[in-house]
Structure formats: structure tokens, C-alpha cells
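**Student:** Residues per chain, in single letters:
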Amino acid sequence: MTHPEQPEASRLSILALTAPVAMGYVPLGSVFGFLFVQAGAEWWLAVLASLCVYAGAAQFMMIPMLAAGLPVGAIALATLIVNLRHIFYGLSLLERMPNQRLLRWYLVFALTDETYSLLTSLPKTVGHRQMAGIALLNQGWWLLGTLLGALIGASAKLPLAGLDFALAALFAVLTVEQWRARRDAFPIWVALFAYGIAQWLAPQQALLIAIVLSILVGLWRKPASAELSGEAKQ
Amino acid sequence: MSDSPYIITVLLAMALVTFALRALPFLAAQWLGRHPWVAQLGRFLPLAIMTLLLLHAMHGASSEHAAGPWPELVAVAVVVLLQLKSRNPLLSIVAGTGLYVLLRNFGLV
Numbered sequence: 008m009t010h011p012e013q014p015e016a017s018r019l020s021i022l023a024l025t026a027p028v029a030m031g032y033v034p035l036g037s038v039f040g041f042l043f044v045q046a047g048a049e050w051w052l053a054v055l056a057s058l059c060v061y062a063g064a065a066q067f068m069m070i071p072m073l074a075a076g077l078p079v080g081a082i083a084l085a086t087l088i089v090n091l092r093h094i095f096y097g098l099s100l101l102e103r104m105p106n107q108r109l110l111r112w113y114l115v116f117a118l119t120d121e122t123y124s125l126l127t128s129l130p131k132t133v134g135h136r137q138m139a140g141i142a143l144l145n146q147g148w149w150l151l152g153t154l155l156g157a158l159i160g161a162s163a164k165l166p167l168a169g170l171d172f173a174l175a176a177l178f179a180v181l182t183v184e185q186w187r188a189r190r191d192a193f194p195i196w197v198a199l200f201a202y203g204i205a206q207w208l209a210p211q212q213a214l215l216i217a218i219v220l221s222i223l224v225g226l227w228r229k230p231a232s233a234e235l236s237g238e239a240k241q
Numbered sequence: 005m006s007d008s009p010y011i012i013t014v015l016l017a018m019a020l021v022t023f024a025l026r027a028l029p030f031l032a033a034q035w036l037g038r039h040p041w042v043a044q045l046g047r048f049l050p051l052a053i054m055t056l057l058l059l060h061a062m063h064g065a066s067s068e069h070a071a072g073p074w075p076e077l078v079a080v081a082v083v084v085l086l087q088l089k090s091r092n093p094l095l096s097i098v099a100g101t102g103l104y105v106l107l108r109n110f111g112l113v
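If you're matching them up, the sequences are chains Y and L in order. Residues 8 to 241 in my numbering are what the first sequence spells out, letter by letter. Residues 5 to 113 in my numbering are what the second sequence spells out, letter by letter.
Any given hint could be a false lead.
Stated by the list, open to error - Ranges of calculated distance between the beta carbons of each label pair, as one might list FRET restraints:
1) L:H39 with Y:G203: 24 to 34 Å
2) L:L88 with Y:A23: 15 to 25 Å
3) L:L85 with Y:A23: 15 to 25 Å
4) L:G72 with Y:Q107: 48 to 58 Å
5) L:G72 with Y:N106: 42 to 52 Å
6) L:L88 with Y:P130: 10 to 20 Å
7) Y:R190 with L:I12: 41 to 51 Å
8) Y:T132 with L:L31: 20 to 30 Å
9) Y:H135 with L:L77: 31 to 41 Å
10) Y:A168 with L:L31: 40 to 50 Å
In case anyone wonders, no lab produced these hints; they're calculated from the structure. All values derive from a computational prediction rather than experimental measurement. Glycine included, each C-beta is placed from N, C-alpha and C at the ideal position.
With the sequences and hints as input, model every part of the structure.
**Tutor:** Structure, rendered in C-alpha cells:
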């Protein structure tokens with residue numbers, strides 16, 4: 008992302024940065040809230056789910072499992088598999104996390120796909136408070152959507168199909184910016200190839216399998232030695 | 005599914021698992037921070053994962069209609085070109101999403 012270069016301009020630019028996430032999170036969150044209440048749960052339980060679990064795919068996945076009354080252990084295991092990719096997100100943020108405990112652990116808690124992609128794309132000048140602000144706003148959009156969907160119910164349907172494509176557009180923008188930062192297209196080719204293989208192997212777990220394949224290639228491929236030793240000395 | 009204690013127990017278990025997964029690299033940071041693999045992955049992973057999230061979102065969107073993947077490909081191509089030229093994320097996202105909504109809603113798909 009290009010614009011938050013002066014930390015003073017933070018509030019507006021944080022809002023602008025999370026705007027595409029809002030366009031995805033509010034409608035998707037309201038679909039979750041709607042389906043959750045339709046399955047027979049109280050509205051505040053939907054809000055509690057978005058407050059304390061805060062993992063989109065896993066939240067959608069749990070609705071039929073809860074409705075079927077599956078054991079807690081089975082649902083926890085399914086959550087582990089669906090969210091396994093989150094293990095790797097912290098790796099790119101180790102250096103950038105605040106030392107202050109509350110900010111740090113909230114940021115760790117709030118590392119969803121979208122928040123991860125925003126945080127890893129920020130310039131180094133962006134401060135810890137702004138990082139936490141972005142994470143907090145994103146969860147706020149998700150909570151707002153959940154609340155709307157749970158309360159309004161049937162009338163919470165999207166007016167137009169495809170508005171949640173804003174999330175895909177956000178990922179496209181961030182891909183361009185990540186490429187601009189390194190000028191190395193190799194990770195893109197690895198990702199395309201890995202996703203193709205993963206779709207062929209197991210479409211249900213394609214994202215997780217593709218991430219694991221990409222990590223294996225990333226570990227195997229040695230970067231230019233000068234660059235590596237330069238960064239290791241910092 | 006009106007059994008609130010059961011749902012709350014499930015939610016707490018899911019929250020614990022999700023948080024543990026997100027916290028693991030930070031808890032292991034003392035060991036991980038010095039490992040050359042971390043620097044290597046730190047450079048390689050963000051672009052690879054971003055590309056994967058993009059592919060996954062496109063795949064999900066294209067499964068909602070029967071027109072094949074072309075509306076997603078066209079819209080993403082517009083976003084990528086705009087972002088390369090303008091470096092204005094909001095413009096790229098709004099234009100790409102607008103085009104996609106047009107394609108999906110007005111008889112084109």
C-alpha cells in the first residue's frame with residue numbers, strides 16, 4: 008500500500024485501507040449471522056462467535072456441525088484443519104509486532120487472511136497503534152455484519168450479486184504491491200502451480216495444501232547468498 | 005441447536021484452537037527468529053500466500069455461477085492493470101468490483 012507514509016494521517020488512511028475489507032466483511036458477516044440464527048441459535052451467540060472465534064471459513068463450517076450436535080472435540084479438530092494455514096502468518100510479522108502485551112496479543116488473535124495481507128503490505132513507517140487500529144476496524148466490520156445478519160434475518164440479503172468480490176480485488180492489489188516490493192515473480196508461479204496441484208488433489212483443502220506446498224518450495228529454494236547474510240546481520 | 009451451553013462450549017474450543025494456531029510462531033519466536041529459514045520464508049511467503057488467497061477467492065466466486073471463470077479473470081486483470089498504473093488501491097478495488105458486479109447482474113453472466 009502506498010499512502011500511509013506520514014503516521015499523522017493515520018485515521019483516514021486506516022479507514023481507507025480497511026474499506027475493501029469492510030465491503031467483504033460486512034456482507035459475508037451478515038450471511039454468517041443470518042445462517043447461524045436460521046439454524047436455530049440465539050442472535051447473541053452469532054455475535055459471540057465473531058467476537059471470540061473470528062475465523063470466517065471456520066465459522067461458516069461450524070453451522071451444520073452445531074446443528075447436527077457433533078462432539079466438541081470433532082468441531083475443534085475441524086477448526087484446527089480449516090485454520091491450520093494461520094500458523095504460517097505470524098512468520099512474516101515476527102519482527103514487526105509491538106512489545107506492548109495488549110496490542111501484541113490482540114494483533115496475534117486478530118490475524119485473519121485479510122488482516123494478515125493488509126499488515127504484511129504496510130510500509131515500515133506504520134506504527135504499532137495503527138497496525139492494531141487496522142486489526143480492530145477489520146474485526147469491527149465483521150462484528151457489524153454478524154450483528155446485522157443475525158438481527159435483520161431474511162432482509163439481510165445482498166442487493167447485488169458479486170459485491171463481496173471486493174475481497175478478491177483487495178488480494179489482487181496486495182499481490183501487485185508485494186510483487187512491486189521484491190520484483191521477483193517466482194513466488195507467483197509457485198503459488199499458481201501449487202494451487203493447481205492442490206485443487207487436483209483435494210479441492211476441499213486446496214488453500215491449506217497449496218500453502219504447505221509453497222512453504223516447501225520456499226524452504227528448498229536458496230535465495231542469493233549475499234542478500235541472506237546481509238539480512239541475518241541486522 | 006437451541007442448547008446454549010453446548011454452543012458456548014464449542015465456541016470456546018474453536019476460539020482456543022484458532023488463537024493457538026495464530027500464536028504459535030510468536031511463542032516459538034526465540035528459536036525461529038535466529039533461523040535462516042525465517043528470513044527466507046519472510047521474503048518468499050507474503051507474495052506466494054497473497055497469490056493463493058487471490059486464486060482461492062476467484063475460485064470461490066466463479067463457483068457461484070455457471071459462466072466459467074472469465075468474469076473473475078477479466079475483473080482481476082482490470083484491478084492488476086489499474087494498480088500497476090495508478091498505485092491507487094481504492095480506485096483499483098472499486099473499479100474492479102464495480103465491473104464484476106456489472107458482469108454478474110446485468111445479463112452478461
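**Student:** For which of the previously enumerated hints does the structure constitute a violation, in increasing order of number?
**Tutor:** none
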